[in-house]
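Number of protein chains: 4
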Amino acid sequence: MTAQSAHPEPPDLAALQRRLAAFAAARNWQPYHTPKNLVAALSVEASELVEIFQWLTPEESARVMADPDTAHRVRDEVADVLAYLLQLCEVLGIDPLAALAAKIDRNEERFPAPDGP
Amino acid sequence: MTAQSAHPEPPDLAALQRRLAAFAAARNWQPYHTPKNLVAALSVEASELVEIFQWLTPEESARVMADPDTAHRVRDEVADVLAYLLQLCEVLGIDPLAALAAKIDRNEERFPAPDGP
Amino acid sequence: MTAQSAHPEPPDLAALQRRLAAFAAARNWQPYHTPKNLVAALSVEASELVEIFQWLTPEESARVMADPDTAHRVRDEVADVLAYLLQLCEVLGIDPLAALAAKIDRNEERFPAPDGP
Amino acid sequence: MTAQSAHPEPPDLAALQRRLAAFAAARNWQPYHTPKNLVAALSVEASELVEIFQWLTPEESARVMADPDTAHRVRDEVADVLAYLLQLCEVLGIDPLAALAAKIDRNEERFPAPDGP
Numbered sequence: 001m002t003a004q005s006a007h008p009e010p011p012d013l014a015a016l017q018r019r020l021a022a023f024a025a026a027r028n029w030q031p032y033h034t035p036k037n038l039v040a041a042l043s044v045e046a047s048e049l050v051e052i053f054q055w056l057t058p059e060e061s062a063r064v065m066a067d068p069d070t071a072h073r074v075r076d077e078v079a080d081v082l083a084y085l086l087q088l089c090e091v092l093g094i095d096p097l098a099a100l101a102a103k104i105d106r107n108e109e110r111f112p113a114p115d116g117p
Numbered sequence: 001m002t003a004q005s006a007h008p009e010p011p012d013l014a015a016l017q018r019r020l021a022a023f024a025a026a027r028n029w030q031p032y033h034t035p036k037n038l039v040a041a042l043s044v045e046a047s048e049l050v051e052i053f054q055w056l057t058p059e060e061s062a063r064v065m066a067d068p069d070t071a072h073r074v075r076d077e078v079a080d081v082l083a084y085l086l087q088l089c090e091v092l093g094i095d096p097l098a099a100l101a102a103k104i105d106r107n108e109e110r111f112p113a114p115d116g117p
Numbered sequence: 001m002t003a004q005s006a007h008p009e010p011p012d013l014a015a016l017q018r019r020l021a022a023f024a025a026a027r028n029w030q031p032y033h034t035p036k037n038l039v040a041a042l043s044v045e046a047s048e049l050v051e052i053f054q055w056l057t058p059e060e061s062a063r064v065m066a067d068p069d070t071a072h073r074v075r076d077e078v079a080d081v082l083a084y085l086l087q088l089c090e091v092l093g094i095d096p097l098a099a100l101a102a103k104i105d106r107n108e109e110r111f112p113a114p115d116g117p
Numbered sequence: 001m002t003a004q005s006a007h008p009e010p011p012d013l014a015a016l017q018r019r020l021a022a023f024a025a026a027r028n029w030q031p032y033h034t035p036k037n038l039v040a041a042l043s044v045e046a047s048e049l050v051e052i053f054q055w056l057t058p059e060e061s062a063r064v065m066a067d068p069d070t071a072h073r074v075r076d077e078v079a080d081v082l083a084y085l086l087q088l089c090e091v092l093g094i095d096p097l098a099a100l101a102a103k104i105d106r107n108e109e110r111f112p113a114p115d116g117p
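Chains as they are written, first to last, in my numbering: chain G, 1 to 117; chain R, 1 to 117; chain Z, 1 to 117; chain E, 1 to 117.
Everything labelled a hint here was simulated from the structure, so no lab data went into it.
Fair warning: this is a prediction, and the values are worked out from it, not measured in the lab.
The beta-carbon is built from N, C-alpha and C at its ideal position, and this holds for glycine as well.
Treat the hints with caution; some may be incorrect.
Just some of the chain Z residues that point at chain E, by a computed CB distance under 8 Å [stated by the list, open to error]:
| # | residue |
| --- | --- |
| 1 | K36 |
| 2 | V39 |
| 3 | A40 |
| 4 | A46 |
| 5 | A102 |
| 6 | I104 |
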């Protein structure tokens, strides 16, 4: 069996959420994973993304992925934000995709498109 | 056709990302959606989650979903964080699921489980 | 006695810190003012400042004080950040002015000025 | 003249604000110091404070200054938050002490003390 066949399909969100839960459980990290602590960690990771962009002009910010080191850093922080968001959803019993679908529905009513239906 | 058959399956991340992109395009919001602005907005939404929890004890924080109004607020902010994260990934060409899978792989090497394989 | 004579001098930092401590004590808020909660509140207020600027261009951001309502909002959030910073310093026994003076000293060594002494 | 006599009094806020402005000017950093960038940097530093506390219990958070290394880190981040707040006030023409005094005045009306005057 090759490494490739071990990952025959792209990961889905639910599978990643299960991997994260197993990862925390194997290290006995659940006592630290209160909702309060997880939202703090989420906001810290979001700020680490901000830190990459804080002194850039808008134009420079649009080119961050052209530099391989910065691109890696951005992907790494995006992963951290998503990881804590999924772990928060896990401990609170929230379905993030359903929450986002509902929010887009509400926003479509709240901000009608200029030429919308 | 019933409302239920119109949404026969739960939304997937890629479909929600396309809805968000279409939503922004229909309102001509793309000029505002520089990576720099989107990470700022992401961090602001993460802080709105923190605001819900800031004065709670760890125990109270574990019970936030018991109150319907607070539960709605938490789901709403989770949706906002995910929305800006997906829009950031869209403008930067990042696959959030691949980024998270790669990060979990790295973390499994970095933090070996006590009884891990 | 006139209003002016009631405030004969501009407030100093230590006097404001004492007013904040008395304000919290009179309302029995000290149990909520753990260092952990105060840093969370500080970061939430900092994000409320970011929210004012998140969709502005750099040029627009330089003109925020020209609009009286926005100017009031900015001053209000600046005050909130400073209030939580002073309350954090109070509970941790930190002298914020000494901490900043020491930091500037270190930064002057770390980042020598191009034409510096 | 001894080093001690060179600093005969504790630094005041206005003097530190002038030192920060001179420091940035000597390094030609002013173009980066737009209000938008400074509020982003402020929020990043506030999050670095949160990071120190994110996994601590409320009780552990009250004891952070007992460890010299952590105490140094906390003072350092407090200094960074104050530095960016003062630089923001400098570029926007805000008097932070007056803003805070006005805010406490408003809060005293908004949240009357239980046994207040």
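Here is how each hint holds up against the structure:
1. About 4 Å separates the beta-carbon of Z:K36 from the nearest beta-carbon of chain E, less than 8 Å, and the hint is met.
2. At a threshold of 8 Å, the smallest CB-CB gap from Z:V39 to chain E is about 5 Å, leaving the interface hint in force.
3. Annotation: interface hint on Z:A40 holds; nearest CB of chain E at approximately 6 Å, less than 8 Å.
4. Using the Cβ-Cβ criterion of 8 Å, the hint placing Z:A46 at the interface with chain E is satisfied: the shortest such distance is roughly 4 Å.
5. For Z:A102, the suggested interface contact is upheld, since its CB lies about 7 Å from the closest CB of chain E, less than 8 Å.
6. Checking Z:I104 against chain E by beta carbon gives a least distance of about 5 Å; that is within 8 Å, so the hint holds.
In summary, this structure violates none of the numbered hints.
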